[in-house]
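Visitor: Protein sequence lines, in the order shown, are assigned to chains G and C.
Per the working numbering, residue 1 is the first one in the first sequence, and the count goes up by one each step.
Per the working numbering, residue 1 is the first one in the second sequence, and the count goes up by one each step.
Note that these hints are calculated values from the structure, not bench results.
Please note that a few of the clues may not be correct.
[What the hints assert, rightly or not] Sample of chain G residues lacking proximity to chain C, with all beta carbon distances greater than 12 Å (derived): (1) A31; (2) Y48; (3) K62; (4) E64; (5) D105; (6) L111; (7) Y124; (8) R139; (9) E175; (10) E180; (11) Q185; (12) P226; (13) D249; (14) D262.
[Claimed, not checked] Here are the computed distance ranges between Cβ atoms for each label pair: (15) C:R132 / G:V201: 38 to 44 Å; (16) C:K270 / G:Q67: 40 to 46 Å; (17) C:G274 / G:G257: 53 to 59 Å; (18) C:N108 / G:W259: 54 to 60 Å; (19) G:D104 / C:F300: 51 to 57 Å; (20) C:G20 / G:R236: 34 to 40 Å; (21) C:D134 / G:A15: 35 to 41 Å.
[To be verified] If you want a taste of the chain G side facing chain C, the calculated C-beta under 8 Å gives, among others: (22) A128; (23) A164; (24) T189; (25) A192.
Glycine residues also receive a C-beta, built at the ideal position from the N, C-alpha and C atoms.
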Amino acid sequence: MDLAKLRQDAAALLADGRAGLVIGFRERAGACVPAFVTDADQADALVYDDTCIANLAAYLRKPEIRQRRPVALVARPHVMRSLILLKAEHQLQGDDVLVLAVGDDTYHGVLTLAEAERLLNETYADLATDAQVLAEIERLEQMSPEERARFWSEQFAKCTRCYACRAACPMCYCERCIVEKNVPQWISTAAAGHGNYAWNVIRAFHLAGRCIECGACEAACPQGIPLMLLNALLAREARDQFDARPGYDAEAEPVVGSWNKDDDEGFIR
Amino acid sequence: MKILDASKLSDLADTLAGAGYRVVVPVQDGDRVRYAEWSPGATIRTDAFPVNSAKDFLFPRSEVIDRYQLDGDDFTPLEVRPPAPRTVLLAVRPCDAASLAMLDTIFNWDYEDDLYNARRAATTVVPLVCTRADAQCFCTSVGGAPDSSAGADALLHPADGGSRLILEPLTDKGKALVEAAGGALADGKAAPDAPADVPARFDPDKVRAWLADNFEADLWDLLSYACLGCGACAYACPTCHCFDMQDEATRTESVRLRNWDSCGFALFTKHAGGHNPRPDQAARWRNRVMHKFSYIPERFDLVGCTGCGRCARLCPAGMAMLEACTRIEEEARKAPAHES
Chain G
1 MDLAKLRQDA
11 AALLADGRAG
21 LVIGFRERAG
31 ACVPAFVTDA
41 DQADALVYDD
51 TCIANLAAYL
61 RKPEIRQRRP
71 VALVARPHVM
81 RSLILLKAEH
91 QLQGDDVLVL
101 AVGDDTYHGV
111 LTLAEAERLL
121 NETYADLATD
131 AQVLAEIERL
141 EQMSPEERAR
151 FWSEQFAKCT
161 RCYACRAACP
171 MCYCERCIVE
181 KNVPQWISTA
191 AAGHGNYAWN
201 VIRAFHLAGR
211 CIECGACEAA
221 CPQGIPLMLL
231 NALLAREARD
241 QFDARPGYDA
251 EAEPVVGSWN
261 KDDDEGFIR
Chain C
1 MKILDASKLS
11 DLADTLAGAG
21 YRVVVPVQDG
31 DRVRYAEWSP
41 GATIRTDAFP
51 VNSAKDFLFP
61 RSEVIDRYQL
71 DGDDFTPLEV
81 RPPAPRTVLL
91 AVRPCDAASL
101 AMLDTIFNWD
111 YEDDLYNARR
121 AATTVVPLVC
131 TRADAQCFCT
141 SVGGAPDSSA
151 GADALLHPAD
161 GGSRLILEPL
171 TDKGKALVEA
181 AGGALADGKA
191 APDAPADVPA
201 RFDPDKVRAW
211 LADNFEADLW
221 DLLSYACLGC
231 GACAYACPTC
241 HCFDMQDEAT
251 RTESVRLRNW
261 DSCGFALFTK
271 HAGGHNPRPD
281 QAARWRNRVM
291 HKFSYIPERF
301 DLVGCTGCGR
311 CARLCPAGMA
321 MLEACTRIEE
331 EARKAPAHES
């Protein structure tokens, strides 16, 4: 990948004022962490490799970041999908962001959101779910409901309710999350038992047809809860049942939030 | 000298469990290592940093502190007796043991917290000297050491090139533990291994001096851009101790809960009327640094951070206390604090 070109582009965007902030990645003690570049001469700190999995689109909900619009983001195809989806959900205007597009060992240059949408549809139209995740979902589907409930109870027992999953997810932009509503209180606040079960399952439900499977939530979870098993399962259902392909069309209506008279009603009994 | 083979740490755990201790050890759990209650068959891992801290066993993440039975308009308080089992924190990190001085102070400062104190009194602390450190370790910058006995009732020293462990009792609780360990320990000799080399990275007094003058510094924006506002750092932190009270009820029963809380959350300081005195992440992250390196030192003559580095290892956004403090010290060098 042409890292020198990426750095050069980032520096140019800041130097000529096309971007007020470049968000990318830098190396710290052998790890890849988000980098916030405000001056052209700092752009050489930017790096990129396969370990840079944080979804930087999540930063666009921070007011102090939005103040610096237009913001240029280093974005792999999944992150570009997040941006398109944020636009589809009216959280972004087309000229709020620029994309420093990376993918498949290629640097695609600086793209507008519309250009990123075209690139996605032309080159990255079939981003498959991780094979290991699919295999694990199949394994869970073979289980009896009791075994499956036991599996998830053990996983959710680890949850401390730190909400790192929510923080890492660009689509969790609600100003007040359902888990923090208390009039009425929908979800127990105790980091245990049914509260943990309800929190994790409801978050997955709220992402049905909206999760672009970037994996940032699972990577963010300090406890190692396999959140992508839930999200990828719901993504598969939304795709199979409703042809949902979130993040490929900035004009698309969200699956949960739109109604079609031809929708299957067979499940209503 | 009481020694055991390093590979027999699980036998020691078994013996202590048999003697009636709740044995908390670092064990493999999926792809993580965490402090958990020992159960036979678990794999003890002392070579990786646990994701949780020892505070989990003294100050749990959620706890029922009151319970009421409800019947129409009547309610009856029910007795709540939180368990305080005899516990040993075995082979925990010295930075976790050191955090107990901080927690002991906080939970007995203006109010004596019976829940914490009952568990603390029943707990024996046996840290394992670190012979390896990673890039996020900075105990020596905050008054600790990889072979510190702060907060310890007994100390485990790796010896003979990691093949043996020496168990050195330091307090009466430590001596009682050695008694209870009985045959799991042998009398013998072993040469302790050198502790890990953890170079001091910053001076907390210089950080504190800069903080006193720089509540409004622009640096806070820069330092906090990456923060996404979750509680991962606070919940993994051995010294973070903030909690929230919640009442939850069904038709027949109500409980009052004490849950961990974090100053990283936007809701932490949000007032009922809608105003938030910490309106952005810069104000929240500043509080986190201020609390550990200014308010706590001022009030208790302690540093509110033990340099374990968990917050940096776990942060999904790459925030790091070590990096913040070294950056602040750099800033202090550029513009020395006003003499006062």
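Visitor: Does each hint fit the structure? Answer for all of them.
Guide: Now for the hints, and whether the structure bears them out:
no.	hint	verdict
1	A31	violated, 7 Å
2	Y48	holds, 14 Å
3	K62	violated, 6 Å
4	E64	violated, 5 Å
5	D105	holds, 23 Å
6	L111	holds, 23 Å
7	Y124	holds, 24 Å
8	R139	holds, 15 Å
9	E175	violated, 9 Å
10	E180	violated, 6 Å
11	Q185	violated, 7 Å
12	P226	violated, 8 Å
13	D249	holds, 27 Å
14	D262	holds, 40 Å
15	C:R132 / G:V201: 38 to 44 Å	holds, 40 Å
16	C:K270 / G:Q67: 40 to 46 Å	violated, 20 Å
17	C:G274 / G:G257: 53 to 59 Å	violated, 27 Å
18	C:N108 / G:W259: 54 to 60 Å	holds, 59 Å
19	G:D104 / C:F300: 51 to 57 Å	holds, 54 Å
20	C:G20 / G:R236: 34 to 40 Å	violated, 50 Å
21	C:D134 / G:A15: 35 to 41 Å	holds, 37 Å
22	A128	violated, 23 Å
23	A164	holds, 4 Å
24	T189	holds, 5 Å
25	A192	holds, 5 Å
This entry does not satisfy hints 1, 3, 4, 9, 10, 11, 12, 16, 17, 20, 22, going by the numbered hints stated previously.
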